[in-house]
Amino acid sequence: MMRRLFPSPLLSLALVALWLVLNNPYSLGHWLMALVLGFAVPLLTQSLRPTPVRFSHPWVAFKLFLRVGVDVIEWNWRVLRGTLGRGEHMPQGGFITVPLDLRDPNGLAVLAAIMCVIPGTIWSEIALDRSALLVHIFDLKDAPHEIALIKQRYERPLMEIFE
Numbered sequence: 001m002m003r004r005l006f007p008s009p010l011l012s013l014a015l016v017a018l019w020l021v022l023n024n025p026y027s028l029g030h031w032l033m034a035l036v037l038g039f040a041v042p043l044l045t046q047s048l049r050p051t052p053v054r055f056s057h058p059w060v061a062f063k064l065f066l067r068v069g070v071d072v073i074e075w076n077w078r079v080l081r082g083t084l085g086r087g088e089h090m091p092q093g094g095f096i097t098v099p100l101d102l103r104d105p106n107g108l109a110v111l112a113a114i115m116c117v118i119p120g121t122i123w124s125e126i127a128l129d130r131s132a133l134l135v136h137i138f139d140l141k142d143a144p145h146e147i148a149l150i151k152q153r154y155e156r157p158l159m160e161i162f163e
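Per the numbering used here: the sequence shown = residues 1 to 163.
A few of these clues could be false.
[Stated by the list, open to error] Result set (SDA-like, lysine to any residue): computed pairs, CA atoms no more than 25 Å apart in a straight line: (1) 63 with 8; (2) 63 with 13; (3) 63 with 100; (4) 63 with 75; (5) 151 with 100; (6) 63 with 109; (7) 63 with 157; (8) 63 with 78; (9) 151 with 66; (10) 63 with 145; (11) 141 with 129; (12) 151 with 67; (13) 141 with 75; (14) 141 with 54; (15) 151 with 112; (16) 141 with 92; (17) 63 with 52; (18) 141 with 113; (19) 151 with 54; (20) 151 with 88; (21) 141 with 152; (22) 151 with 58; (23) 63 with 47; (24) 63 with 92; (25) 151 with 79; (26) 151 with 85; (27) 141 with 94; (28) 141 with 71; (29) 141 with 78; (30) 141 with 126; (31) 63 with 76; (32) 141 with 119.
In short, the hints are calculated from the structure, not lab data.
Make a model of the complete structure from these sequences and hints.
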């Protein structure tokens, strides 16, 4: 019964918290709207989620969140330097193919979000069998190194969290 009312309790809590953080001061109306959103959105979007989320290892998820935050800042500087570069310092973009061990659709969705949030990287295509990912890198200097970074920094923690 409880699972029917709250199919995704973490999503409900996150929506309530996000609404309250974005709508300061905390009036009764904001609390009611936060509760309505936290209750209704997971119910209305339940059919859009292909598989149930099995979220484990919250500490790994927190470290991944921090790692992505640091990478966003670092890549912002790399892209800024690249756009201001001249001559031999001009960035040489390119595509890399990252072989994937991650199979969970929720983990792949998070990986897609991470790759699109990091400046200078774009998730371009995934193989039909989900065995490889095509990524464009704004300033591709060493393809094997970038592949190893993606696998180590993002794929491995996501596998630990979702599989």
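Violations among the numbered hints = Those not satisfied are hints 11, 14, 20, 23, 24 and 26.
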